[in-house]
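Engineer: The primary structure of each chain is shown beneath.
2 protein chains.
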Amino acid sequence: MKRIAIDMDEVIADFQAKHLTVYNDRFNEALTPEDLHGTRLWTLRPHIAAEVISLVDEPGFFRDLAVMDGSQEVIRELHEHYEIYIVTAAMEHPMSFLSKYEWLREHFPFLSEMNFVFCGDKSIIRADYLIDDTSRHFKGFEGQGILFTAAHNRYETGFVRVDNWQEVRRYFLSQNSAG
Amino acid sequence: MKRIAIDMDEVIADFQAKHLTVYNDRFNEALTPEDLHGTRLWTLRPHIAAEVISLVDEPGFFRDLAVMDGSQEVIRELHEHYEIYIVTAAMEHPMSFLSKYEWLREHFPFLSEMNFVFCGDKSIIRADYLIDDTSRHFKGFEGQGILFTAAHNRYETGFVRVDNWQEVRRYFLSQNSAG
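Protein chains in written order, with our numbering: chain A, -15 to 163; chain B, -15 to 163.
These aren't lab readings, by the way, just hints derived from the structure by calculation. Everything numeric in this text was worked out from a predicted model, so none of it was measured. Please note that a few of the clues may not be correct.
The following label-pair restraints were derived from C-beta to C-beta distances [stated by the list, open to error]:
hint : chain 1 : residue 1 : chain 2 : residue 2 : range
1    : A       : I32       : B       : G54       : 41 to 49 Å
2    : A       : I32       : B       : S96       : 21 to 29 Å
3    : B       : R47       : A       : A1        : 31 to 39 Å
4    : B       : N8        : A       : T27       : 52 to 60 Å
5    : A       : E151      : B       : E76       : 28 to 36 Å
Take a look, some chain B residues computed to stay more than 10 Å from chain A by CB distance [stated by the list, open to error]:
hint : residue
6    : F(-1)
7    : Q0
8    : T23
9    : R47
10   : Q56
11   : E64
12   : R138
13   : G142
No farther apart than 30 Å at their CA atoms in a straight line, the calculated lysine-lysine pairs in the DSBU-like style are these [said to hold, decoys possible]:
hint : chain 1 : residue 1 : chain 2 : residue 2
14   : B       : K123      : A       : K(-14)
15   : A       : K123      : B       : K123
16   : B       : K(-14)    : A       : K(-14)
17   : B       : K123      : B       : K(-14)
Positions of the beta carbon are idealized from the N, C-alpha and C atoms, including for glycine.
Generate the whole structure from the sequences, applying the supplied hints.
Structural biologist: Below, the structure written as structure tokens:
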């Protein structure tokens, strides 16, 4: 059975929506998702980048992120044909560990926690596919990288790209439904 | 540069000493390390196995484990010739995440946290070597498994085995010091 590694933030969990809400609230701004096309919130506000990033270190930040549309249904279906691992670069934000774990248990109860991986550098992952919104993780990855479209990566080229979970479904179920 | 994945408990962190101390204290017993030769504490006391295991879920259990003799010096040396990743099966004990992270930052400050991995099933790991006291992790591992001697595994056969960190040093530095 082939193995698919799946990132969390911006792929199954709507990190950006929460970050933008908390940011606007804190700094009395009204930035929209469109303002983040091709960039990151902390790149857009370089003079307060550290503060913008540290918003995610507040207790529970990752606990109530919205689930990305279609991710539960499609992963449940893929799970019948592939080994599914959730692989998140959590080491930069140690305060996120427990929230991320609880979030996964709540929203993806059909996955075993033995298939959750909290890491930093994803070149340590052995899988056939990696679905991720951050293209640098594909560099040391030996399998096929699949870029999941997010505001910040929409102008990047040179990658296999999917725009949403229905496209993930088509990619895997048309290619090789038997894994 | 070749890559060595290194387990935490019973390899760089003295899990057993702490577990035994807490157990004896809680149950008014006087078990010694010798009583655990070829077994585990929860196997030795099957009628209270769940309670014995849950001792490790108390806050901070993993924060003050002793560092295994020689592990810091040898890993610091190996680090010059190999990529070092610390890979721990933490998913069974989510309350351990933050303590394990802080412990690693304190005792192995020369390693990047980008090279820490908290997982369940270690077959997800891509590395050339895995040093571990639990032989079942070698089953799905594609590299060379190296069994680090612990009380519970001392009667297991059929594995490359090292008894301590000086033996790890000899294994790697006589074999291929250039990684």
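Engineer: Please name the hints from earlier in the document that this structure breaks, with their numbers sorted from lowest to highest.
Structural biologist: Nothing - there is no hint that the structure violates, so all of them hold.
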